[in-house]
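Position one of the sequence shown corresponds to residue 884 (our numbering), numbered consecutively onward.
Calculated directly from the structure, the hints in this document are not laboratory data. Backbone N, C-alpha and C fix where the C-beta goes; we use that ideal spot for every residue, glycine too. Just so you know, not all the hints are guaranteed correct.
Here are the in silico distance ranges between beta carbons for each label pair [what the hints assert, rightly or not]:
hint	residue 1	residue 2	range
1	Arg972	Gln951	29 to 37 angstroms
2	Gln968	Phe932	31 to 39 angstroms
3	Arg971	Ser1039	37 to 45 angstroms
4	Gln940	Ser910	18 to 26 angstroms
5	Gln1040	Phe932	23 to 31 angstroms
6	Pro935	Arg1009	32 to 40 angstroms
7	Asp916	Ala1012	22 to 30 angstroms
8	Ser1015	Arg974	32 to 40 angstroms
9	Gln940	Gln968	24 to 32 angstroms
10	Ser1007	Arg941	26 to 34 angstroms
11	Asp1002	Ala933	40 to 48 angstroms
12	Cys909	Ala1012	24 to 32 angstroms
13	Ala1003	Asp926	33 to 41 angstroms
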Amino acid sequence: MSPIQETGTGGASMTGAVLSPCVGLCSTTLGDDVCRGCQRHRDEIRDWFAMPAEERQRRMNELDALRQQQASVLIDVFDEARLEQQMRRHRIRFRASQPALSRAVELLRVGRERIGVLDAYGLSPRPGAPASAAELYAVLSDALNGAAASRRQRDSQAGR
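With the sequences and hints as input, model every part of the structure.
Following this line, the structure appears as structure tokens:
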């Protein structure tokens, strides 16, 4: 179960849980320095619940921007309403403030093996990108992991 939930005030969800980008697939337990699921680095995951709400929100925004940057090379969201409708239909959690491309990354992560036609989800591959959801997510996942590792290096250099 993914703890990404609609947010209330102060970075907590409506249910009182702390907002987190965790998608329940933490590869840091397998030795990765950066999680393949949420793109946070090990120290960030460890310290998440001790961070002030403003810091967590800043980092959520950074992660959304990272996903948008990487996804924009491969896919377009041409119908945000259809994307949201399909995410609700398949019970894929997302935040109200989450950008459409960041939502699309989560949709592809969860549904890559079941999605037949991308345009039924409000998505289209960009020219030169793979047409199948599974292949598209494989390329996107590699790009996200590389970008997340670079983000980790910048955070280390900045002392975060």
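Here is how each hint holds up against the structure:
Checked against the hint of 29 to 37 angstroms, the C-beta distance between Arg972 and Gln951 comes to roughly 23 angstroms, which is inconsistent with it. In this structure, Gln968 and Phe932 meet the distance hint of 31 to 39 angstroms, their C-beta atoms being roughly 33 angstroms apart. In this structure the hint that Arg971 and Ser1039 lie 37 to 45 angstroms apart at CB holds, the actual value being about 38 angstroms. Checked against the hint of 18 to 26 angstroms, the pair Gln940 and Ser910 passes, with Cβ atoms roughly 24 angstroms apart.
The supplied range of 23 to 31 angstroms is met by Gln1040 and Phe932, whose beta-carbon atoms lie about 24 angstroms from each other. Checking the proposed 32 to 40 angstroms range against Pro935 and Arg1009 shows it holds: the Cβ atoms sit about 38 angstroms from each other. A hinted range of 22 to 30 angstroms for the beta carbons of Asp916 and Ala1012 is consistent with their spacing of about 28 angstroms. Distance hint for Ser1015 and Arg974: a CB-CB separation of about 23 angstroms, inconsistent with the stated range 32 to 40 angstroms.
For the hinted restraint 24 to 32 angstroms between Gln940 and Gln968, the CB-CB distance of approximately 27 angstroms keeps it satisfied. One distance hint, 26 to 34 angstroms for the beta-carbon pair Ser1007 and Arg941, holds here, with the actual separation near 31 angstroms. Separated by about 43 angstroms at the C-beta atoms, Asp1002 and Ala933 satisfy the suggested range of 40 to 48 angstroms. A hinted range of 24 to 32 angstroms for the beta carbons of Cys909 and Ala1012 is consistent with their spacing of about 28 angstroms.
A hinted range of 33 to 41 angstroms for the beta carbons of Ala1003 and Asp926 is consistent with their spacing of about 40 angstroms.
The structure shown violates the earlier hints numbered 1 and 8.
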